[in-house]
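Student: Using the hints provided, position chain P relative to the given structure of chain L.
Number of protein chains: 2
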Amino acid sequence: MAESDLKPEVKALVFDVFGTVVDWRNSIAREVEAVARVKGWAVDPYEFADRWRAKYQPSMEPVRRGEKPYVRLDDLHRTSLLALLEEFGLDPLPADELEHLNRAWHRLDPWPDCVPGLTRLKKRFILATMSNGNVALMVNMAKHAGLPWDTILGAEPARNYKPVPTVYLTGADWLGLRPEEVMMTAAHNGDLRAARDLGFRTAFILRPDEYGPNQTKDLKAEEAWDQVVGGMEELADRLGC
Amino acid sequence: MAESDLKPEVKALVFDVFGTVVDWRNSIAREVEAVARVKGWAVDPYEFADRWRAKYQPSMEPVRRGEKPYVRLDDLHRTSLLALLEEFGLDPLPADELEHLNRAWHRLDPWPDCVPGLTRLKKRFILATMSNGNVALMVNMAKHAGLPWDTILGAEPARNYKPVPTVYLTGADWLGLRPEEVMMTAAHNGDLRAARDLGFRTAFILRPDEYGPNQTKDLKAEEAWDQVVGGMEELADRLGC
Numbered sequence: 009m010a011e012s013d014l015k016p017e018v019k020a021l022v023f024d025v026f027g028t029v030v031d032w033r034n035s036i037a038r039e040v041e042a043v044a045r046v047k048g049w050a051v052d053p054y055e056f057a058d059r060w061r062a063k064y065q066p067s068m069e070p071v072r073r074g075e076k077p078y079v080r081l082d083d084l085h086r087t088s089l090l091a092l093l094e095e096f097g098l099d100p101l102p103a104d105e106l107e108h109l110n111r112a113w114h115r116l117d118p119w120p121d122c123v124p125g126l127t128r129l130k131k132r133f134i135l136a137t138m139s140n141g142n143v144a145l146m147v148n149m150a151k152h153a154g155l156p157w158d159t160i161l162g163a164e165p166a167r168n169y170k171p172v173p174t175v176y177l178t179g180a181d182w183l184g185l186r187p188e189e190v191m192m193t194a195a196h197n198g199d200l201r202a203a204r205d206l207g208f209r210t211a212f213i214l215r216p217d218e219y220g221p222n223q224t225k226d227l228k229a230e231e232a233w234d235q236v237v238g239g240m241e242e243l244a245d246r247l248g249c
Numbered sequence: 009m010a011e012s013d014l015k016p017e018v019k020a021l022v023f024d025v026f027g028t029v030v031d032w033r034n035s036i037a038r039e040v041e042a043v044a045r046v047k048g049w050a051v052d053p054y055e056f057a058d059r060w061r062a063k064y065q066p067s068m069e070p071v072r073r074g075e076k077p078y079v080r081l082d083d084l085h086r087t088s089l090l091a092l093l094e095e096f097g098l099d100p101l102p103a104d105e106l107e108h109l110n111r112a113w114h115r116l117d118p119w120p121d122c123v124p125g126l127t128r129l130k131k132r133f134i135l136a137t138m139s140n141g142n143v144a145l146m147v148n149m150a151k152h153a154g155l156p157w158d159t160i161l162g163a164e165p166a167r168n169y170k171p172v173p174t175v176y177l178t179g180a181d182w183l184g185l186r187p188e189e190v191m192m193t194a195a196h197n198g199d200l201r202a203a204r205d206l207g208f209r210t211a212f213i214l215r216p217d218e219y220g221p222n223q224t225k226d227l228k229a230e231e232a233w234d235q236v237v238g239g240m241e242e243l244a245d246r247l248g249c
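Going line by line, the protein sequences match chains L and P. Everything in the first sequence is counted per my numbering, starting at 9 for the first residue and increasing by one. Everything in the second sequence is counted per my numbering, starting at 9 for the first residue and increasing by one.
Hints may contain errors.
Chain copies aren't distinguished; within one or between two, either way the pair holds.
[To be verified] The calculated lysine to any residue pairs, modelled on SDA-like cross-linking and capped at a C-alpha distance of 20 Å, are:
hint : residue 1 : residue 2
1    : Lys151    : Glu189
2    : Lys131    : Asp117
3    : Lys151    : Leu247
4    : Lys228    : Arg128
5    : Lys19     : Glu107
6    : Lys228    : Ala91
7    : Lys130    : Lys151
8    : Lys225    : Arg201
9    : Lys151    : Glu69
Derived from the structure by calculation, the hints contain no laboratory data.
Bound-form chain L, shown alone (with noise of 0.2 Å):
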């Protein structure tokens, strides 16, 4: 679909966060290896990044189906790493500095172009968030990392998990508009077949080094999505900002 047919009636932007908008891979390694350094762990800081953010969808399951209550993901956070931390066969961390690594996921570092991009994006259309992340955890990760939001939506508004259509369909509501009006922004396919499922506008942005190395999925569009960009800088260019 050419721009020009898209552009009137866009009026927000909605963004996924991990992997779309920051790099969380390598901001958790980060953390983690001081944390190893203090407390003299042995452990891959890449690896453990990555076991940690595996249990990230199953944790999310029984709220999807309905079986447990929504807690927010920082709950959900903390209860992986206590796992995690057992996985390694480490000892348990006190409960100030389980909780400043859990808060890890708070400080995440954004990709290159998303500060620059959103800056841009944002003088034209509504931004909010789309994630999983809760409120608390958006709002410090977005003063932290520089993030211009215009409010947070996403899970915790909704009391569920992407991809339930209840979490896209409560911020495109809480904004009052039509899905068609707003634009869903990931690097995951799965997400956009959701949103658009639901009547938003998509847009790709091609993240191939989330997983790092060895990234084996998302590596390219797998539909015709409204937009299919490199950065939020190419968004902003693509959307004439």
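Tutor: Chain P only, in chain L's frame:
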């Protein structure tokens, strides 16, 4: 309380918006005047603005008392506007014109100190709205007025209206903060009283012109609030920003 006692604990400032951050009376009167000119209405735009605003508190009461489920302020504003047109003996407006006038509340102008003051405060603190306005209203107003919020809290997340405690408490909870880490900022003593009763810090912003030349209430701080200032730049000075 000295600023140095307070500063280490406060992580976020949350703001009442109508009257505290934006000048609803002059903004609404300007929009009413523009419609009146086109429609040939013989109305005093300031009287129209004041009488529209006078319906604000009563319109939220059934929700606060639990007699009606939460509906957004946009909807309450529309109901009030329809009643007002009838009270003034004016013909009903076509749907699109009614909606445009109702959304005048999305286009309120800030007091002159707000954008510079909030921009300074944002460097040190999380800034969020704690308004009875719904999310779309707050986001659109922020785009119109250039207000640099980190996120939107308040009525819609809690599905109730201030001064019901859940509105303040849901906001602090979503930020992952205890009430004493959050400073409620308002031009209204009653709003601050409700927040202080829950443990929030308080800042009173003097807005003696909110209701025009004949304002009778909130002309002074009625309690020893943590900060009492004449505007957001003075608040930034006091908090060392």
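Student: Are the CA atoms of Lys151 and Glu69 at most 20 Å apart within a copy, between copies, both, or neither?
Tutor: Classified as neither; 29 Å inside a copy, 36 Å across copies.
Student: With identical chains, the pair Lys131 and Asp117 could be close in the same copy or across copies; at 20 Å between alpha carbons, which is it: within, between, both, or neither?
Tutor: Close across copies (18 Å), not inside one copy (23 Å); limit 20 Å.
Student: If the cutoff is 20 Å on CA atoms, where do Lys151 and Leu247 land: within, between, both or neither? Let me know, please.
Tutor: This pair counts as between: shortest inter-copy Cα distance 18 Å, intra-copy 26 Å.
Student: Using 20 Å as the alpha-carbon threshold, which applies to Lys19 and Glu107: within, between, both, or neither?
Tutor: between (38 Å within a copy, 17 Å between copies)
Student: If the cut is 20 Å between Cα atoms, do Lys130 and Lys151 qualify within a copy, between copies, both or neither?
Tutor: both (16 Å within a copy, 9 Å between copies)
Student: Are the CA atoms of Lys228 and Arg128 at most 20 Å apart within a copy, between copies, both, or neither?
Tutor: neither (25 Å within a copy, 42 Å between copies)
Student: Can you tell me if Lys151 and Glu189 fall within 20 Å by alpha carbon in one copy, between copies, both or neither?
Tutor: between (27 Å within a copy, 17 Å between copies)
Student: Check Lys228 against Ala91 for me: Cα-Cα at most 20 Å, and say if that holds within a copy, between copies, both or neither.
Tutor: neither (33 Å within a copy, 55 Å between copies)
Student: Measure nothing new, just compare the shortest in-copy and cross-copy C-alpha distances for Lys225 and Arg201 to 20 Å and report within, between, both or neither.
Tutor: Answer is within: at 15 Å inside a copy they meet the 20 Å cutoff, but 54 Å across does not.
Hints 4, 6 and 9 from the list above are not met by this structure, while the remaining hints are.
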